[in-house]
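Novice: Keeping their order, the protein sequence lines are chains V and R. Sequential numbering of the first sequence, starting at 1, is according to the numbering used here. Sequential numbering of the second sequence, starting at 1, is according to the numbering used here.
Treat the hints as calculated values from the structure; they're not laboratory data. For clarity, every value in this text was computed on a predicted model and none was experimentally measured. Positions of the beta carbon are idealized from the N, C-alpha and C atoms, including for glycine. Take the hints with a grain of salt, since some may be wrong.
Below, a list of computed lysine-lysine pairs in the DSS-like style, where the Cα atoms sit at most 25 Å apart [as the list claims (entries may be wrong)]: (1) V:14 - R:367; (2) R:226 - R:51; (3) R:295 - V:116; (4) V:77 - R:283; (5) R:300 - R:283; (6) R:115 - R:198; (7) R:198 - R:164; (8) R:295 - V:69; (9) R:15 - V:135; (10) V:14 - R:283; (11) R:48 - V:14; (12) V:77 - R:300; (13) R:135 - R:84; (14) R:95 - R:198; (15) V:77 - R:367; (16) V:116 - R:51; (17) R:295 - V:113; (18) R:245 - R:48; (19) V:113 - R:15; (20) V:77 - R:295; (21) V:118 - R:300.
Here are the computed distance ranges between Cβ atoms for each label pair [as the list claims (entries may be wrong)]: (22) V:28 - R:263: 28 to 36 Å; (23) V:74 - R:280: 40 to 48 Å; (24) R:362 - V:27: 23 to 31 Å.
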Amino acid sequence: MTLIEARDVSKVYKGESEVKALDKVTFQVNEGEFVAIMGPSGSGKSTLLSILGVLNPPTSGELIIDEIKVFELSNEKQADFRREYLGFVFQQFQLIPYLTALENVMLPLAVSKMSKQKKRAAAESVLEKVGLGNKFHRLPHQLSGGEQGRVAVARAIVNEPLIILADEPTGSLDTKTGLEIIELFRELNKAGHTILMVTHNTENLQHVNRTIFIRDGRIDNN
Amino acid sequence: MGLREIVFNNLRRRKGKMFLLVTGITIGITTVVTLFSLTMAMNDKMLKDFKEAGTKVIITPQSENTSFSFGGITMAANITFDVKEMPSNVVNILKNKVQDLNIKYIAPKKIIGVKINQQPSLLVGVDFKNELYTKPWLKIAGKLPESDTEIILGSSSAKFLKKKLGDTLKVNDREFRVVGILHETGGQEDEIIMASLKLVENLSGSTNLSLVELIIENESDVENIKALLPGVKVTPVKEAMKSRKEVIQRYEYFAILVSFVILIIAVLIVLTTMMGSVNERVKEIGIFRAIGFRKSHIMKIIMLETSITCALGGLIGYLSGVLVAKSTVIFIEQKGLFIQWHPLLGIIMIMGSIFIGLLASWFPATKAANLDPQEALRHL
Ligand SMILES: Nc1ncnc2c1ncn2[C@@H]1O[C@H](COP(=O)(O)OP(=O)(O)O)[C@@H](O)[C@H]1O
Ligand SMILES: [Mg+2]
Numbered sequence: 001m002t003l004i005e006a007r008d009v010s011k012v013y014k015g016e017s018e019v020k021a022l023d024k025v026t027f028q029v030n031e032g033e034f035v036a037i038m039g040p041s042g043s044g045k046s047t048l049l050s051i052l053g054v055l056n057p058p059t060s061g062e063l064i065i066d067e068i069k070v071f072e073l074s075n076e077k078q079a080d081f082r083r084e085y086l087g088f089v090f091q092q093f094q095l096i097p098y099l100t101a102l103e104n105v106m107l108p109l110a111v112s113k114m115s116k117q118k119k120r121a122a123a124e125s126v127l128e129k130v131g132l133g134n135k136f137h138r139l140p141h142q143l144s145g146g147e148q149g150r151v152a153v154a155r156a157i158v159n160e161p162l163i164i165l166a167d168e169p170t171g172s173l174d175t176k177t178g179l180e181i182i183e184l185f186r187e188l189n190k191a192g193h194t195i196l197m198v199t200h201n202t203e204n205l206q207h208v209n210r211t212i213f214i215r216d217g218r219i220d221n222n
Numbered sequence: 001m002g003l004r005e006i007v008f009n010n011l012r013r014r015k016g017k018m019f020l021l022v023t024g025i026t027i028g029i030t031t032v033v034t035l036f037s038l039t040m041a042m043n044d045k046m047l048k049d050f051k052e053a054g055t056k057v058i059i060t061p062q063s064e065n066t067s068f069s070f071g072g073i074t075m076a077a078n079i080t081f082d083v084k085e086m087p088s089n090v091v092n093i094l095k096n097k098v099q100d101l102n103i104k105y106i107a108p109k110k111i112i113g114v115k116i117n118q119q120p121s122l123l124v125g126v127d128f129k130n131e132l133y134t135k136p137w138l139k140i141a142g143k144l145p146e147s148d149t150e151i152i153l154g155s156s157s158a159k160f161l162k163k164k165l166g167d168t169l170k171v172n173d174r175e176f177r178v179v180g181i182l183h184e185t186g187g188q189e190d191e192i193i194m195a196s197l198k199l200v201e202n203l204s205g206s207t208n209l210s211l212v213e214l215i216i217e218n219e220s221d222v223e224n225i226k227a228l229l230p231g232v233k234v235t236p237v238k239e240a241m242k243s244r245k246e247v248i249q250r251y252e253y254f255a256i257l258v259s260f261v262i263l264i265i266a267v268l269i270v271l272t273t274m275m276g277s278v279n280e281r282v283k284e285i286g287i288f289r290a291i292g293f294r295k296s297h298i299m300k301i302i303m304l305e306t307s308i309t310c311a312l313g314g315l316i317g318y319l320s321g322v323l324v325a326k327s328t329v330i331f332i333e334q335k336g337l338f339i340q341w342h343p344l345l346g347i348i349m350i351m352g353s354i355f356i357g358l359l360a361s362w363f364p365a366t367k368a369a370n371l372d373p374q375e376a377l378r379h380l
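Chain R extracted, bound-state conformation (with noise of 0.2 Å):
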């Protein structure tokens, strides 16, 4: 028998004694890993996300001119609505390094000004199937086009213009019909008049292009493409990513700001309960002593005790921790948030308990070497 058996036997067989520390320990340590099971979670499934749609890369002209903005993006014009243009065949460029570049679309744009009842507009011409994948939001009432007379409008254009499905629109005097109306987005798409690309190449009499659209699986490869293209202006979107990043980062701090209040709590905890543990053996320890225990034995026993303890609760707070956030994801039915079990999130809760143990033991566990071992035994 050593000290560690002194330590075993007595919080094997006076399992009462240790509950109140080991249930405390086991509390915070189970909310510490609930919240960052779940931030963790939430974090992978961004990852995820993003890894799944890809990342947007927006080319456009080099221009040092005024700009105006189409759907959230900035674009070179000049003031006389005569967008700023760039030969079609970055189209082709691209769509040769298709696999090279793991480019998932391509969504080429031209615009260019009309005259709507006399009105100048713009008209955007888009190639529809990549188009409506790279905004998958866009919901039509109607249809897509199919030939070279018809149009959509965005939902603000319509009420506008006053058309509905199926009227006809005059654009520079040529006659259109309108076959789908856009549900209203909120954004720039509301303004919108749209037609195939080909249409607007017809109108225009050119095949440059205002813009092109890409949706890329790696954002390695911006730097790729701004090789291959060296005239033009690549722009990677990362808005979405960064605002999702921030919330989740404010998660995190919240989770950080509740683990160190945790920790504080956990340390009075454990200092409270050992120092009434000590009073209440004040005589065990005098008994101890007087059989040759040194004062380091005694701090060794009562530290060993609070940090098997301490241990214990990190284990079952790690436990219950992963199982109670597994439990608010299926209740708040969260879908695609998987809590994981992180071996290494336990360990380093183990290891915080234990240090919380070390920690908070230090000043009973020096009390208890430091009783006076005749004033103990007197009250025998």
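Just chain V, with the same shape it has in the complex (with noise of 0.2 Å):
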């Protein structure tokens, strides 16, 4: 079943000189994928996932999830939709720096009008998840790359978003350390979560059901 669908999908920059940074793009993805994005430094990956985190208005095209014009959502809607249906890993994770781990995690529960021993029990439980069960009261310095990057894997899917859109996960990884990422969204991806990720990273591909090219703002089917 088709979850994500994108049509004709094209993003201007205007500022002192015009950047297109997507070009029509059309795509689908169904739901339970695992997708990945790649393309050349510059090509618009990071605007492409930008739009479909409803973070980035598209100067023309659509965009349709779950059979909702996301971008016909009032701003306040778009934001809501944003904490229902997805989980944000950020690069370098962007763990909130005064916040503990389990709050961190708790954070896309802060604004939703559950009891607070609700999202406490839910942020343990995605902690224990992805292991970090001994650590929930560490602030992010405390903690070490990887279990910075499994924090932001918890925070991304406390909600239980359908759609998990990470921008180059790995990227501040050793191979290994990202590797247990990788892992991590692999069971994710497992127990249901459609996710679309942005890699520079060919190892990374071997795990994913397919990988989206770009070029240029379009998408190369070479």
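From these two lone chains plus the hints, build me the complex, please.
Specialist: Structure follows, in structure tokens:
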């Protein structure tokens, strides 16, 4: 079943000089797929991911997720949509430095109406799932790179999103720890999450269902 | 965890970040609280002083005639030094009502024209004991008259008449001994020639009075005295209170002006600090937005953070302001000035600080809420 559909999505950044970051990108992603997005630096991968993440409205074209035309929603509803449907794993993980591992994981639940205990239980359970059951109260700087990655993954899945979006999640890790994160994604994918991951690392490709290549803002089918 | 915990954890774990803000607000509020504590203490002291001193009331005969003044009091008189008089039973009527009207002192006076060295002069007959109570600033060299042949002189009168203690003075051909000379006051007492009321009554052959000064505890009794004595003029003396009130009022205006300036400075400090803070946290705000915080949530975070910080500054400022005021009073050795802990002032200061925080953080918060999350995350 089609979960994500991008139709002729273009993005032009207007600044001192116009940059056409995406040019009529069309593709579909089915529910349960694990998709890699690859391409040279500056080709538009992050732009594409931010559009899929409902953070960056396309200049033209349409994005439909779960039959919702997401960019037709109001700004506040888009925020609600992200909270309900999406989980982000950012480059360098971007944990909030003044919050503990547990608090970082609870962050996406901060504005939801759950009880305190439920939020805590949910965060503890995902932290245990990623193997950090004993490091709830560490601040990010007290964790290794791989552990920070795991907290970031836990934070991305605590709200049980349909879709996980990851921008070069292994970029800052050594091969071995990077592979651990990819393993984690594979498990999540098996558990039903649809995953889109920007990556530079061709070794990662053996773990994904499909790869979308991007060059100069276009899908490269070769 | 909710937005509040995010804010608390930020403030708790990054104390240094908010140090400037708390310090700025604290200094501002300390200044305001010090000024207001001092003016309030001055006000309290003034009210207490006047309550203790009581209200002075002057009772004079009704008159439309020319008047002259004595001891700062305007009196009815005709041109020939024939001072207008009222019957002495005024004093008896008042003495019967001492309890009801909370009268502290009754000081009757009789002023008559006399001849001294062929010159027309005024002789003032007083009840010395009560007179000195109502004019505590009078100091005498020598003693008070004890017999009907003794008088005292004001300092200028003594000089003018060339009399020293123990000299004799002829008044209407009768001889009197100068037993006391008043210290110079710079006022009209310097010109006075004073004798006992009884002596003046004897000299004039009448017990009528020219003037009665009263000290009462409550100003509100003035109307009752007026009702009690319909034939005479009853005038409360308020000048002293009024002028001191004016001085304190000037301090109050100063405090208000300073507070206003501080309010503006505080708003600017909060505004620039929070703008800096928002600029520093662009990334963090982008992450909040990406994981589904609404714009309004971002605004709440920034404004909550600012108001908590400002409230803390307000609380510390209130505490230190009162302490500074207390030590100021000790330092300037102002006895009787008592600096109080006014919890209401504290609450007003904390609320005011929160108001400053909300006012000044509104713009940075709006800016934070409207940050483009993609732009923010792009520089990760
Ligand atoms: N917010 C932006 N404003 C202007 N130009 C941008 C912005 N974001 C990306 N770009 C430009 O768009 C192009 C694609 O960038 P990006 O999507 O980050 O590529 P990638 O992630 O593949 O390296 C680049 O030329 C980049 O400079
Ligand atoms: Mg990129």
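Novice: Hint by hint, say whether it matches the structure.
Specialist: Hint-by-hint comparison with the structure:
no. : hint                     : verdict
1   : V:14 - R:367             : 21 Å, holds
2   : R:226 - R:51             : 21 Å, holds
3   : R:295 - V:116            : 23 Å, holds
4   : V:77 - R:283             : 21 Å, holds
5   : R:300 - R:283            : 17 Å, holds
6   : R:115 - R:198            : 18 Å, holds
7   : R:198 - R:164            : 24 Å, holds
8   : R:295 - V:69             : 21 Å, holds
9   : R:15 - V:135             : 24 Å, holds
10  : V:14 - R:283             : 21 Å, holds
11  : R:48 - V:14              : 73 Å, violated
12  : V:77 - R:300             : 17 Å, holds
13  : R:135 - R:84             : 23 Å, holds
14  : R:95 - R:198             : 18 Å, holds
15  : V:77 - R:367             : 19 Å, holds
16  : V:116 - R:51             : 59 Å, violated
17  : R:295 - V:113            : 17 Å, holds
18  : R:245 - R:48             : 13 Å, holds
19  : V:113 - R:15             : 29 Å, violated
20  : V:77 - R:295             : 10 Å, holds
21  : V:118 - R:300            : 23 Å, holds
22  : V:28 - R:263: 28 to 36 Å : 59 Å, violated
23  : V:74 - R:280: 40 to 48 Å : 29 Å, violated
24  : R:362 - V:27: 23 to 31 Å : 43 Å, violated
Going through the hint list in order, the structure does not satisfy hints 11, 16, 19, 22, 23 and 24.
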